Amino acid sequence: MTALMFTILGAWFLSLFVGPSLYAAMGLAGFAFVAIVGIPGLVIPQKVAMAANSFPLLAAPLFILMGNVMNSAGISYRIFDFAKAVVGWMRGGLCHANIVGSVIFAGMSGSAVADAAGLGTVEIEAMKKEGYDGETAGAITAASATIGPIIPPSLPMIIYGVAAETSIGALFIAGIIPGLLMAVALMVMVRRIAIRRNLPRHPWQGWGELWIAFRRAFWALMAPFLLIGGMLSGVFTPTEAAAVAVVYALILGLFVYREFSVRDLPRLILDTVETSGVVMALVMTASLLGYCITIARIPQEFGGWLTSLTTNPLVYLLIVNVLLLVVGCFMEALAAMLVLIPILVPPAIALGIDPIQFGLIFVLNLMIGTITPPVGVVLFVTAKVADVPFDRLARATIPYLWALIAVLALITVWPAVTTFLPNLMLGKR
Amino acid sequence: MSPLIRIAARAIDALAIATFVGMFLCVFVQVVMRYGLDRPLVWSDELARYLFVWCAFLGWIIAARRHSHLSISVVSDRMGPRGQAVFAVVGAVAAILFAGILFWYGLQITRRNLDIDTVALFFTFGAVYAIVPLAAIAVGLHAIGDLVAALRRFSATGGAP
Chain A
12 MTALMFTILG AWFLSLFVGP SLYAAMGLAG FAFVAIVGIP GLVIPQKVAM
62 AANSFPLLAA PLFILMGNVM NSAGISYRIF DFAKAVVGWM RGGLCHANIV
112 GSVIFAGMSG SAVADAAGLG TVEIEAMKKE GYDGETAGAI TAASATIGPI
162 IPPSLPMIIY GVAAETSIGA LFIAGIIPGL LMAVALMVMV RRIAIRRNLP
212 RHPWQGWGEL WIAFRRAFWA LMAPFLLIGG MLSGVFTPTE AAAVAVVYAL
262 ILGLFVYREF SVRDLPRLIL DTVETSGVVM ALVMTASLLG YCITIARIPQ
312 EFGGWLTSLT TNPLVYLLIV NVLLLVVGCF MEALAAMLVL IPILVPPAIA
362 LGIDPIQFGL IFVLNLMIGT ITPPVGVVLF VTAKVADVPF DRLARATIPY
412 LWALIAVLAL ITVWPAVTTF LPNLMLGKR
Chain B
4 MSPLIRIAAR AIDALAIATF VGMFLCVFVQ VVMRYGLDRP LVWSDELARY
54 LFVWCAFLGW IIAARRHSHL SISVVSDRMG PRGQAVFAVV GAVAAILFAG
104 ILFWYGLQIT RRNLDIDTVA LFFTFGAVYA IVPLAAIAVG LHAIGDLVAA
154 LRRFSATGGA P
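Sequence lines, in order, name chains A and B. According to our numbering, the first sequence is numbered sequentially starting from 12. According to our numbering, the second sequence is numbered sequentially starting from 4.
These are calculated hints, taken from the structure and not from any lab test. Be aware that one or more of the hints could be misleading.
[Claimed, not checked] Example chain A residues on the side facing chain B (calculated, C-beta under 10 Å, incomplete):
1. T250
2. V284
3. E285
4. T322
5. V326
6. E343
7. L345
[As the list claims (entries may be wrong)] Derived DEER-like restraints, expressed as beta-carbon distance ranges:
8. A:W425 with B:W107: 45 to 53 Å
9. B:G148 with A:A427: 23 to 31 Å
10. B:S158 with A:T305: 42 to 50 Å
11. B:W107 with A:M233: 46 to 54 Å
12. A:R203 with B:V45: 34 to 42 Å
13. B:W107 with A:T318: 55 to 63 Å
14. B:V45 with A:G315: 23 to 31 Å
15. B:G103 with A:I306: 52 to 60 Å
16. B:P84 with A:N209: 18 to 26 Å
17. A:V199 with B:R42: 51 to 59 Å
18. B:R156 with A:A417: 57 to 65 Å
19. B:G103 with A:A427: 27 to 35 Å
20. B:G103 with A:F266: 44 to 52 Å
Remember, predicted model here, so these are calculated numbers, not experimental data. Even for Gly, the Cβ is constructed at its ideal location relative to N, Cα and C.
Model the full assembly from the supplied sequences, consistent with the hints where possible.
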């Protein structure tokens, strides 16, 4: 059965390049296994439908709505203006502002694609107006958008938490430090590039301007604190925090900034349901595929083979990193994550690797995968927004890739970077 | 689009918005009752989850209609119009096959669950599962429409490939 499932997985992977929807290919692969092994077909609708019967996973559509509302509420340019006032005076100032803006936006949005398409549009427009070329603007936008799902809230972490049965709250909190480190690493890289290429800078506008920008963005800046604070204090579960955050974003958009009206709501909700449908189609069919992978005993076989190779957690993490980086290049991040979790997580737990640290490594790897060619969703979206050819943008992003890989290496060799905050806040698990 | 399809699409949109709002209200009211009024609800968690099942499938239909389901387009992007039409045919056939499978087994699981009660709600589990065959029909019809369009493009680009 193991060999059969490996064959099916291989065929599934190759079939993806002939252009079917990822979900349909996953569903058909699951069906093939079920039919050949002779498991009753009723398991198919059961696994598929019941994957959505999950209260933690419900946080996903709510956070998607929050991001959509925030993007329509005029919050993106308020945040970018504030970031410009804070770091715009440095050389390559708008690149730095781009990163700072992404960090702030990361605290209220959970998807790198949403960051690149929403905030990214504002950022790239502003950068082009100041004479940056499309590649420079697009590259830093794409690279900094990957911070979005590392700093809470985070769609990939919700899905990881549900699929790997790990605490979503702990994963969220564990992402704060690595997310900030990513920003620092990117800013160091920007500084090097800015000096070499003599990128433009703004004069320091003075504390008065900074104060004005801060006041204009104040309610938006408070959103991450509301969210993270609510979850840290244990008042809300992530799902409940998401619902509260939606209400906050709606009040901001409808009454405080008044950038949209109640009449826009059906469209926003419909877009949210559509995006959730895309995500859930993957989650649901992957749940069927995950069931097949487990029945076929792939985790045990693969785990046994791996532990015969190495019993050193660090070597295992190194292998996982290389595997995920390669897979991330050729696969869509979410689908890759869902298929690989049942295979890679059990051996990690058996080797005594902290599940939270492993989750962060997993998610960061696949986020890096979203900005690597040939299959990189964020790169793809950003290329469209910045109106530059995909491959030229991919080349311009390479320096930032190194910065992100450095952070990945750090959280791999030093568990405390990811485990310190959750242990401190939520107690030793 | 014929008027009938447009009305069906409108109805699906309305239902999608209704289930999403219902799901959101369940979670929000749950927070308010538990922390605000200290009177926790017994049914909100369960109802929110079932509405999410429906919402996920409705989103699936809408994404199928808007062609926003994810696929890997590295290879097809490098093809000519005729090659892309072939890829579109393959994609549509895969979607039709999977929709067929979901419809067939979804219908069976719905019938088996018609007399199985939910925990704290008034309807049976069959109502939760009913969206599976329904969504499969809608997604299947969209995919058939895509198949016809792809075949037309294929013959329009006819002659030597």
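Quick one, is the A:E343 hint okay against chain B at 10 Å, beta carbons?
holds, 5 Å
Does the closest beta carbon of chain B sit nearer than 10 Å to the beta carbon of A:V284?
Since chain B brings a Cβ to about 4 Å from A:V284, closer than 10 Å, the hint holds.
Given A:L345 as an interface hint, is the shortest Cβ-Cβ distance to chain B below 10 Å?
Given a least distance of 8 Å, the restraint on A:L345 holds.
For the pair A:V199 and B:R42, does the Cβ-Cβ distance stay inside 51 to 59 Å?
holds, 52 Å
Determine whether the Cβ-Cβ distance between A:W425 and B:W107 falls within the hinted range of 45 to 53 Å.
Hint holds: Cβ distance 52 Å, inside 45 to 53 Å.
Is 27 to 35 Å a correct range for the gap between the Cβ atoms of B:G103 and A:A427?
At roughly 52 Å between Cβ atoms, A:A427 and B:G103 fall outside 27 to 35 Å, so the hint is violated.
Any CB of chain B closer than 10 Å to the CB of A:V326?
With a closest approach of 31 Å, the A:V326 hint is violated.
Whether the CB-CB distance between B:S158 and A:T305 falls inside 42 to 50 Å:
holds, 45 Å
Taking 46 to 54 Å as the hint, is the beta-carbon distance of B:W107 and A:M233 inside that range?
This hint holds: roughly 51 Å between Cβ atoms.
Is it true that the C-beta distance of B:R156 to A:A417 lies inside 57 to 65 Å, as the hint says?
Once the Cβ atoms are compared, 47 Å apart, the range 57 to 65 Å for A:A417 and B:R156 is violated.
If I claimed the Cβ atoms of B:G148 and A:A427 lie 23 to 31 Å apart, would that claim hold in this structure?
Distance hint for B:G148, A:A427 is violated at roughly 55 Å.
Taking the beta carbons of B:P84 and A:N209, is their distance inside 18 to 26 Å?
The hinted range 18 to 26 Å is violated for B:P84 and A:N209, with Cβ atoms some 45 Å apart.
The structure fails to meet hints 4, 5, 9, 12, 13, 14, 15, 16, 18, 19 from the earlier list, while all remaining hints are met.
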